[in-house]
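Colleague: Numbering that gives the first Met the number 0 puts the sequence shown at residues 0 to 192.
There's no promise every hint is true.
Listed next, the in silico DMTMM-like pairs over lysine to aspartate or glutamate satisfying Cα-Cα at most 20 Å (straight line) [said to hold, decoys possible]:
| id | residue 1 | residue 2 |
| --- | --- | --- |
| 1 | K85 | E61 |
| 2 | K72 | E61 |
| 3 | K107 | E170 |
| 4 | K107 | E175 |
| 5 | K181 | E108 |
| 6 | K107 | E61 |
| 7 | K107 | D123 |
| 8 | K85 | E108 |
| 9 | K181 | D104 |
| 10 | K107 | D80 |
| 11 | K67 | E108 |
Quick list of the computed label-pair ranges, beta carbon to beta carbon [what the hints assert, rightly or not]:
| id | residue 1 | residue 2 | range |
| --- | --- | --- | --- |
| 12 | Q178 | C95 | 33 to 41 Å |
| 13 | T113 | T83 | 17 to 25 Å |
| 14 | G153 | T83 | 30 to 38 Å |
None of these hints come from the bench; they were simulated from the model. Built from N, CA and C at the ideal position, the CB exists for glycine as well.
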Amino acid sequence: MKKEIPIVKYFGIVLTIISFNSCSEPAGHNSYVPAASSIVDKQFNFHVVSPGVWRSAQPNSEALIRMKNHGLKTVINLRGDTQTDKWERSITDSLCLNYYNFPLDARKEQSADTIEKILAIMYDPGQQPVLIHCLGGKDRTGMLAAIYQIRYMGARFEDAHREMLMYGYHEKDYPEAIQTVKRLTMPLNSLIY
Numbered sequence: 000m001k002k003e004i005p006i007v008k009y010f011g012i013v014l015t016i017i018s019f020n021s022c023s024e025p026a027g028h029n030s031y032v033p034a035a036s037s038i039v040d041k042q043f044n045f046h047v048v049s050p051g052v053w054r055s056a057q058p059n060s061e062a063l064i065r066m067k068n069h070g071l072k073t074v075i076n077l078r079g080d081t082q083t084d085k086w087e088r089s090i091t092d093s094l095c096l097n098y099y100n101f102p103l104d105a106r107k108e109q110s111a112d113t114i115e116k117i118l119a120i121m122y123d124p125g126q127q128p129v130l131i132h133c134l135g136g137k138d139r140t141g142m143l144a145a146i147y148q149i150r151y152m153g154a155r156f157e158d159a160h161r162e163m164l165m166y167g168y169h170e171k172d173y174p175e176a177i178q179t180v181k182r183l184t185m186p187l188n189s190l191i192y
């Protein structure tokens, strides 16, 4: 009986080692991203809409550098501020990022033509990952994220609307944003039900 105990211990150790090795990453693969490089702790209202589409409030240069380090290729600015546009165009040029400026007013319904141009950039794999942002990343950004989710990800209107509210959309102040979402997605949503 004493001879069996070392064999049982030996097999227990071998099984433990096999278990740990089966959970590890392939050699040379490092999926750990240190906290010091986190985007979320440096960028207000940053969220991943889909693997190739990100959303946030107005980024600063440090946040853009961090996003670039995580693969960012394209920035879409939804603000109408000329001074911010100049600064952001300069920093994105220095980081070799694609940059688009689409000044949207959250107090007005948006034209289908403008929204289609923005969505085409967001959906283009060659442009991804794409960051869309406005000042707070809530109203204009939430509107575009909702339309994208409904059109390209099969989200239901109710779920996209709930997410808009969760990330700070001010529906009472800017009802035109949700009207734009409805107008540009309702034919799709009627097919989903």
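Colleague: Does each hint fit the structure? Answer for all of them.
Modeller: Now the hints, each set against the structure:
no. : hint                   : result
1   : K85 / E61              : 17 Å, holds
2   : K72 / E61              : 15 Å, holds
3   : K107 / E170            : 13 Å, holds
4   : K107 / E175            : 5 Å, holds
5   : K181 / E108            : 11 Å, holds
6   : K107 / E61             : 32 Å, violated
7   : K107 / D123            : 26 Å, violated
8   : K85 / E108             : 26 Å, violated
9   : K181 / D104            : 17 Å, holds
10  : K107 / D80             : 16 Å, holds
11  : K67 / E108             : 32 Å, violated
12  : Q178 / C95: 33 to 41 Å : 37 Å, holds
13  : T113 / T83: 17 to 25 Å : 19 Å, holds
14  : G153 / T83: 30 to 38 Å : 34 Å, holds
Violated hints for the displayed structure, listed by number in ascending order: 6, 7, 8 and 11.
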